[in-house]
Amino acid sequence: MEYIIISTGFALMLLGLWGILSQKNLIKIILGFTIFNTGINIVMVSIGYVRGKAAPILDVIKPSEAASKIVDPIPQALVLTAIVIGLGVTALMLVYVLKLHREKNSLDINSFKDLKW
Amino acid sequence: MVGPIYIIAVALGIAFFMGLFGKSLKNLSEWAMLAGLGFMTYVSGQWLLEFMSNNRAVETIFTAGFKPPYSINLQMGSIEAFFTFIINVVGFLGAMYLFKDLKKTGPNAMMVYLVFIMSLNVVVMTRDMFNLFVFLEVGSIATAGLILLTKSGEALQAGMKYLIATGIISGVLLIGIIFAYYFSGSLNIDDLLAANMGASKTTVIAVFLIYVSIILELKPFPANGWGIDVYTAANPGIGALVSAATASAGFYVLYKLLPLGGAEWLNYIAVIGGITFVGSNLMGTKQDRPNRLLGYSSIGQIGLLMMILGLSDILGEKMMIIAFGILISHYAAKAGLFWLSGLIQAKDIKGWAALRKSPFLLFLFGTFVFALIGFPPFPSFFGKWELITTLAANGQWAWMVTILAGSFIEGIYLFRWLGYAIKLDHEDLPDFKIEWNKIFPIWIMAIVLYAVGVYVTPMVEGGMFINYLPLMFVLFLFAIDFLPVYIKNTISIGGIIWYMFHIYPVLEGDLLRLIFAGIFLVGGVLTLMAGYSKKGTRKGFYPMAMMMFAGLIGIIEASTLIEFFFSWELMTAGSYFLIIRGKRSMPHGYSYMLFSIGGAYAILFGFALAFASNFDTSLAALGSINLLPTLAYTLLAVGFMTKTASLGLHIWLPGAHGEAESDVSPMVSAILLKAGVFGLMILFLYMDRTSVGATNLLYVLGWVGALTTLMGNMSAAFQEDAKRLLAYSSVAQLGYILFAISIMSQLGWLAGFTYTINHFMFKAILFLVVGGIVAKLGTHYMYEMGGMIKKMPFSFIAVLVSIIVIGGIPPLSGFAGKWLFYNAVIEKGWYFQGAIIFFAGIIAFLYLFKLIHSIFLGQLKDNHRNIKEISAWILVPSYILIIGIMIFSAFPQYILQPIGDMLAPYFSTETLVWEGTKATTSLGYWDGTTIMIVVATAFLLLLAWLLALSSKTKKIEQFNIVFAAERPFRPETTHVSYNIYAGYKKALGFLITPLVTAFWESMSNLVLEFANWLRRIYGGSMQNYAIHVVLFIVVFYLIALGGL
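Sequence order for the protein chains is R and W. Going by the working numbering, the first sequence opens with residue 119, and the numbers climb by one from there. Going by the working numbering, the second sequence opens with residue 1116, and the numbers climb by one from there.
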């Protein structure tokens, strides 16, 4: 089971990366980023998973027996942080795309090549 | 002590406060931001001071009440204190610089700014891997936000590229971190470093992912198009921050994580850094947008720093001082340059000519350029010195070549740029506003460079001997630069004379040094005297002239390798500024500088080999080079020959000397060239001349000297420009000297010394007088002169005496030189080369005749009828030198005998014997005094006879065509002296086809074209830049882990 999850995570990462590198529409590229980040998050969660243990939420499990019953909480905490950061980055990218669209009335990534060499 | 946590707390607190109440705060928010940044600077500064003054333990800050790895911990040690301090300083100054832009955009921008600086602080201090990731991300987001300060399409595109690239990089880093956690069970950096993950084939993937993403954050070539675009399009104030603060933080992160993978990863880091350093600088050579150029330069410097980290195993404990010197120079210079760029707002580096409107800003620009290249007294000079010598000590030749090549390429564009700023003709210089809040930060950065330079001097081996006294004098002259010429001139002459008294007891007994000190200092006084003929303030002249003399005398005084090199570079910098002062000197100053840097690096390489042979820092180390001795000798000789302008390395000289101001030409010709001669003499005396390599080298140099003389004299004969004629004559005379000392016998060296002293005297006279005439007549061309003998009799006599010396005609000292010279040639048996020299000597008469005939004889031109004699301030030093020539001619034994005695221990056979005034060799004898008496008597008798006959002479009017041998009022083509040697040129001109010039031109074209081709990878497409990043990761993976 955990292999399926971690493989899915990697597959999503590659899919997202492929989207970033191949799509011409800026919105689709941002979608690629979210897929890429989702893949990373899945990989992170699955790495901390321990077979047969519960989520590290202490209102279900008594704190005294938590150590033996929950999965590793750190990757889960990291994922939460990563999601928040991803949200920030995505929002900022969308703002940029909005402004870029206003600039040239286009979402095609190839219409923004003014800076070179 | 205020805890380091308050750096973060204050920044976040103010940022939140602004977010909540920003709108109602009105004008308070920008001051709150400045206060916050000031406080952050203060906190890190007091920690830095604490670590510097007390031997204090590292301060660790635990968060959330747990010990690591269960919580995040921050660390404040001496290095963290240093990095946070420099980040906060540039943050504070940057905010001051951007004050108006931030104010206009409002509290939101200030919030982002505070968070940006805060994030870099955390990146430096944190000891938690995930925390590091978070704050790298915060920094990226804040950067992307700050890019929007500039409201242009280009900035938008650059920001988007930045977001895409950093998005991918941070994803890779995150994966790396989670793997590292999985393998080691901790996120604490110290635990990760201890986990030795590089050892196992499975765990090494985490090492790879973390390294590749941190390296990518540092924008390695070629996966850095996104980074360069940010530098190009963002507000230069932001560029300064990214270049100085972000890069410093990124550099420290890499330093922090260096032990993560183990030794073999260091090689990869060094190689990537090396490629980045060379590649990025190479592409800078074709760049003419100032900000983009600075971007290339920044990335190049970070590449160099990355390389230093990668070589840390080799550099050992020296790494700290090296990295410090180079980092702090990059930091201050780049911040200053970006800020300057923001002031000028030029789209092209040619627009920087506008800087001329403000000499102080030009001074700052020069400071930053020289600091980046690594000139003294800046910290980068010491950093590079230690870097090269330490690498040499470990036999790392390839790295030495890489570093010097990259630095040279950096010089190509930086000095082109500086040249534009100083000299480029610019019809309507764009105006720029000077605001104090923008000038102040730039000044601070310049002061940092000088102060830190002096501060690190004693930390370098042998550095404590460096004498800063002459430099203080230079600084003093800068301070009084507003005073009129005659005051500054008097002070300068006074300074040199004082130094003569100061240095004489030091050098007493060391005749070699005494002679050169005499040439430099006496020459300095005499050539400076001509300066009294100038009017106005002559801004910048005196500090630079004194810097050159400080360097020259420093070379003489040097007892260690580093002192010598320090002074050598000082002299180069000073003379560059003198040379480029001429009206049309921009390209010549530029080529002088490039040859000088190239030569300096050859010398540095040679010195490094000498040092590494026995770990001896003294100049005597040149005597015991056992590491690649032949290469070391060759490099040193080539380095010194860039100053003596020997064949192949001479192409800068004719323009540089010919176009220089009338009193600068004698300084750089009669005096400066002798620095190269001194270097060669030192080298030849120390080196093991019995070795095969040295013998071959001397043989080749003999040929080079002979051919230089031939080429120089022939080129001089075909010149129409009087000063260029003299310049080529210098090339030839230095060829004689090179040839003479390459003979390596007592006679050869005596000839060399005689030529050196003669050339100093007659070339100073000629350049002073002819320069004065050229300035007076307003033309360089000899065919536009004529008949000056009656207008300028004193000048005529001075020139006449000089050319008698050059021609080697008895009774003057030129004959002594020739006599010794041919004795030495015959004794050595270099007949073929000797024949070439002899032939060249005949050609010398052609140009000497042309010079004196075209200027002084012939027909007086109509527009020169009211010309008077040149200034007495030029004639007085010339006549003092003529007296010198007369004494040297009549009593050569007083100088040559002691020189012969001095040389005796160095050469096995003492072939010249003195009896009173008579010098005897195996081939014959010569008596300077007798010759003088005989010739003078004959001359006086002839003169008397001619005077007696003079009653019968018939005065011929000017328009008597028979006398004039030229037709009046016709274009110059009919002038007798125009192209006077056309016949010879037809017959022999092929010998001086400018092959060397063509060679260097095609070399430079090759480099530029290659750079132009290479930079096509930066095609502008965001997606391509993302692909570059991914490809970089893949290729690095395949090489590091894929067994490629």
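Mixed in with the good hints, there may be bad ones.
[What the hints assert, rightly or not] No more than 35 Å apart at the CA atoms, straight line, and that leaves these computed lysine-lysine pairs for DSBU-like: (1) Lys142(R) to Lys2100(W); (2) Lys1401(W) to Lys142(R); (3) Lys1182(W) to Lys222(R); (4) Lys231(R) to Lys1905(W); (5) Lys1401(W) to Lys1462(W); (6) Lys1906(W) to Lys217(R); (7) Lys1138(W) to Lys217(R); (8) Lys146(R) to Lys1266(W); (9) Lys2033(W) to Lys1905(W); (10) Lys1465(W) to Lys217(R); (11) Lys1401(W) to Lys1649(W); (12) Lys180(R) to Lys1182(W); (13) Lys1218(W) to Lys1433(W); (14) Lys1266(W) to Lys231(R); (15) Lys2101(W) to Lys2033(W); (16) Lys142(R) to Lys231(R); (17) Lys1548(W) to Lys1266(W); (18) Lys142(R) to Lys187(R); (19) Lys1316(W) to Lys1401(W); (20) Lys222(R) to Lys1649(W); (21) Lys1266(W) to Lys1401(W).
[Unchecked claim] If the Cβ cut is set under 8 Å, some of the chain W residues that face chain R in the computed set are: (22) Ile1293; (23) Trp2060; (24) Ala2063; (25) Gly2134; (26) Ile2142.
No lab work stands behind these hints, which were simulated from the structure alone. Ideal placement from N, C-alpha and C gives every residue a C-beta, glycine not left out.
| query | What hints, given by number in increasing order, does this structure fail? | reply | Checked against the structure, the hints that fail are numbers 1, 3, 4, 6, 9, 11, 13, 15, 18, 19, 20, 23, 24, while the rest are satisfied.
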